[in-house]
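Enquirer: If you read the protein sequences in the order shown, they are chains E and V. In the working numbering, each residue's number is its place in the first sequence (first place is 1) plus 3. In the working numbering, each residue's number is its place in the second sequence (first place is 1) plus 67.
In case anyone wonders, no lab produced these hints; they're calculated from the structure. One or more hints might be untrue.
Chain E is nowhere near these chain V residues, computed Cβ spacing over 10 Å in every case [what the hints assert, rightly or not]:
no. : residue
1   : 74
2   : 100
3   : 145
4   : 170
5   : 173
6   : 246
7   : 304
Ranges between beta-carbon positions, derived for each pair [stated by the list, open to error]:
no. : chain 1 : residue 1 : chain 2 : residue 2 : range
8   : E       : 150       : V       : 90        : 26 to 34 Å
9   : V       : 243       : E       : 279       : 55 to 63 Å
10  : V       : 187       : E       : 103       : 54 to 62 Å
11  : E       : 223       : V       : 208       : 44 to 52 Å
Everything numeric in this text was worked out from a predicted model, so none of it was measured. The beta-carbon is built from N, C-alpha and C at its ideal position, and this holds for glycine as well.
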Amino acid sequence: MQRALPQQISDRFNFAAGVIWALRVIVAAIVVWGAVSTLTSGFYSASQWRDLFIFGLAQGGVYALIALGYTMVYGILGFINFAHGEVFMSGMMIGYFVADYLNEAGMWNGNPVLALLIVLVVSMLTSTGVAVLVERIAYRPLRESPRIVPLITSIGASFFIQYAFRGLFGAGVKSYPRMEALQGAITVLGVRILKVHVLVIVAVFIMMGLLYWFVEKTRMGKAIRAVAEDKEIAALMGVDIDRAIVMTFAIGGMMAGAAGLLYALVFNQVFFFSGFLPGIKAFTAAVLGGIGNIVGAMLGGIVLGIVESVGPILILSGLGIPAPHQLKDVVAFTVLVLVLIFRPKGLLGERLAEERD
Amino acid sequence: MSGNNHHPVLQLKNINTHYGPIHILRNINIEIYPGEIVCLLGGNASGKTTTLRTILGMVRPSAGEIYLDGERVDGLPTTEIVKRGISMVPENRRLFKRMTVLENLEMGAFLRHDQDGIREDLERIFELFPRVKERLHQKAGTLSGGEQQMVAIGRALMSRPKVLLMDEPSMGLAPVLVEQTFEIIQQINQHGTTIFVVEQNANMALSIAHRGYVLQTGRIVLADTAQNLLHNEMMRQAYLGEM
Numbered sequence: 004m005q006r007a008l009p010q011q012i013s014d015r016f017n018f019a020a021g022v023i024w025a026l027r028v029i030v031a032a033i034v035v036w037g038a039v040s041t042l043t044s045g046f047y048s049a050s051q052w053r054d055l056f057i058f059g060l061a062q063g064g065v066y067a068l069i070a071l072g073y074t075m076v077y078g079i080l081g082f083i084n085f086a087h088g089e090v091f092m093s094g095m096m097i098g099y100f101v102a103d104y105l106n107e108a109g110m111w112n113g114n115p116v117l118a119l120l121i122v123l124v125v126s127m128l129t130s131t132g133v134a135v136l137v138e139r140i141a142y143r144p145l146r147e148s149p150r151i152v153p154l155i156t157s158i159g160a161s162f163f164i165q166y167a168f169r170g171l172f173g174a175g176v177k178s179y180p181r182m183e184a185l186q187g188a189i190t191v192l193g194v195r196i197l198k199v200h201v202l203v204i205v206a207v208f209i210m211m212g213l214l215y216w217f218v219e220k221t222r223m224g225k226a227i228r229a230v231a232e233d234k235e236i237a238a239l240m241g242v243d244i245d246r247a248i249v250m251t252f253a254i255g256g257m258m259a260g261a262a263g264l265l266y267a268l269v270f271n272q273v274f275f276f277s278g279f280l281p282g283i284k285a286f287t288a289a290v291l292g293g294i295g296n297i298v299g300a301m302l303g304g305i306v307l308g309i310v311e312s313v314g315p316i317l318i319l320s321g322l323g324i325p326a327p328h329q330l331k332d333v334v335a336f337t338v339l340v341l342v343l344i345f346r347p348k349g350l351l352g353e354r355l356a357e358e359r360d
Numbered sequence: 068m069s070g071n072n073h074h075p076v077l078q079l080k081n082i083n084t085h086y087g088p089i090h091i092l093r094n095i096n097i098e099i100y101p102g103e104i105v106c107l108l109g110g111n112a113s114g115k116t117t118t119l120r121t122i123l124g125m126v127r128p129s130a131g132e133i134y135l136d137g138e139r140v141d142g143l144p145t146t147e148i149v150k151r152g153i154s155m156v157p158e159n160r161r162l163f164k165r166m167t168v169l170e171n172l173e174m175g176a177f178l179r180h181d182q183d184g185i186r187e188d189l190e191r192i193f194e195l196f197p198r199v200k201e202r203l204h205q206k207a208g209t210l211s212g213g214e215q216q217m218v219a220i221g222r223a224l225m226s227r228p229k230v231l232l233m234d235e236p237s238m239g240l241a242p243v244l245v246e247q248t249f250e251i252i253q254q255i256n257q258h259g260t261t262i263f264v265v266e267q268n269a270n271m272a273l274s275i276a277h278r279g280y281v282l283q284t285g286r287i288v289l290a291d292t293a294q295n296l297l298h299n300e301m302m303r304q305a306y307l308g309e310m
């Protein structure tokens, strides 16, 4: 009856590997079948696909900016800062009040460039401030604790910020004022793109470029990378560890604040819970790209945005599922589950997970 | 060379260090004079690494004083002690593996702002280690053990230390690389750097050092010139592998 232990183990291993393979085949079959039947139905035109792709790119760019905060904090402290979605929301919320004020004053449409810059600065500063405060109050006292402790604390901090904002500004949904200059579309290289998408995509790439330059080339950026790799040795080089960690949170906050404004320009609305879903999506993007990897977060965000935008229609409508676009969240989180099953280290990640003790 | 007419560049005076309730270092007295190579010998858990950590302010001594160039430095944060002129080649080298060789060297000069001086020192290190120059833009993690040792030493030199601490430089290296490492230590010393090296490999360390201290369960049990230590009966039995 009882088989030898090695035999049992290899049975179980084979069984698990078999399940994974079966799952792989099923997922691939669903994707291919859905995509083929959608494409052969000819129901969607090429320009519709292009619009979906560009919308995905814009949305993914926003995810990428938020994902940078998750991935950098993970890189330096080794835990997921679940309050980061609220860092993003806080910039978007305070940005709304400034935008609303500028609208009243006639500047929002009178001088849109300056108005956008003002709101951008305000929302970046707000998010930076919130991120730095959370680090100082909630995480620094726990620096020496096991990583599960700040992780759980971050969930608490997330609720705290949400309900603090609800208490301060009410539970109602606030609508960003309409910016006339961003209405309509322009043609870029023969492709019609909504102006707001052009703005978002350009801004995202500028921000990512600046961040990459900062981390790779500046003295502080190198210090942050050194601290992420080995805190004790970084201290031996004379790096102030606390300062490097605060800078990491600050940079994550800046990116999230910029993302807040861009997200608001696309979706127009903000309320106290607005940080939750984009936050979890950006976390998914960071995992998809390889948590801890900066370029991975950028890539993961953009890939996730495009998959989320194109995927439901490409795959689900071919399977005969009605209103597939409403299922985009399902697609996004299915991506998270699949990444965790099939490639836990993400697209570009492999370095961090292995080297951590 | 060791001259008693000099003032010590680094001095530990009656240092005691605890880890929690455990008394690790007991009344340690060490003096290092400019231009010397001094070694600290001892077996496992004798307190060698703790001595280095205490000097660098990574642990605070519970009693005693540390002077660098006559100024008291115990109780200062590590960053400040490094700024004042102590640097270390850590055990197992501990390079920033995901950063390039050049970035590792730049990190060594993190607290310096004299760009010309930094460039000069880089050139000096390339002269000392031509191999390092060839690998400048490679990730440090891709280097061999011997090359990593060179980068680790170069990185520590980039801060222009008054005293260079070395924690078990022979650890984890093939015998031929150990010899090469000790030759390099001697060479650096001849260029004017004062060196305090902690080693288990007593033979090797004493062959290049001017003086040595022997640490046993947190106490200095012997302190003498390297020559005398090499011929000390107790040393020969306990550390130099003669039965």
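Enquirer: Each hint should be assessed against the structure and marked as holding or not.
Expert: Structure-based check of each hint:
1. Under the 10 Å C-beta cut-off, the non-interface status given to residue 74/V relative to chain E holds; the minimum distance is some 25 Å.
2. The beta carbon of residue 100/V is kept farther than 10 Å from every beta carbon of chain E, the shortest such distance being approximately 24 Å.
3. With a minimum CB-CB distance of about 5 Å to chain E, residue 145/V fails to clear the 10 Å threshold, and the non-interface call is violated.
4. For residue 170/V, the shortest C-beta to C-beta distance to chain E comes to about 6 Å, within the 10 Å cut-off, and the non-interface label is violated.
5. Against the 10 Å criterion, residue 173/V falls within the reach of chain E, whose nearest CB is about 7 Å from its own CB.
6. With a closest Cβ-Cβ approach of about 26 Å to chain E, residue 246/V is found to remain outside the 10 Å limit, as its non-interface label requires.
7. Once the 10 Å rule is applied to beta carbons, residue 304/V is consistent with being away from chain E; the minimum gap is 36 Å.
8. Separated by about 32 Å at the C-beta atoms, residue 150/E and residue 90/V satisfy the suggested range of 26 to 34 Å.
9. The given range of 55 to 63 Å is respected by residue 243/V and residue 279/E, whose C-beta atoms sit roughly 60 Å from each other.
10. For the pair residue 187/V and residue 103/E, the supplied restraint of 54 to 62 Å holds, since their beta-carbon distance comes to about 58 Å.
11. Checking the proposed 44 to 52 Å range against residue 223/E and residue 208/V shows it is violated: the Cβ atoms sit about 22 Å from each other.
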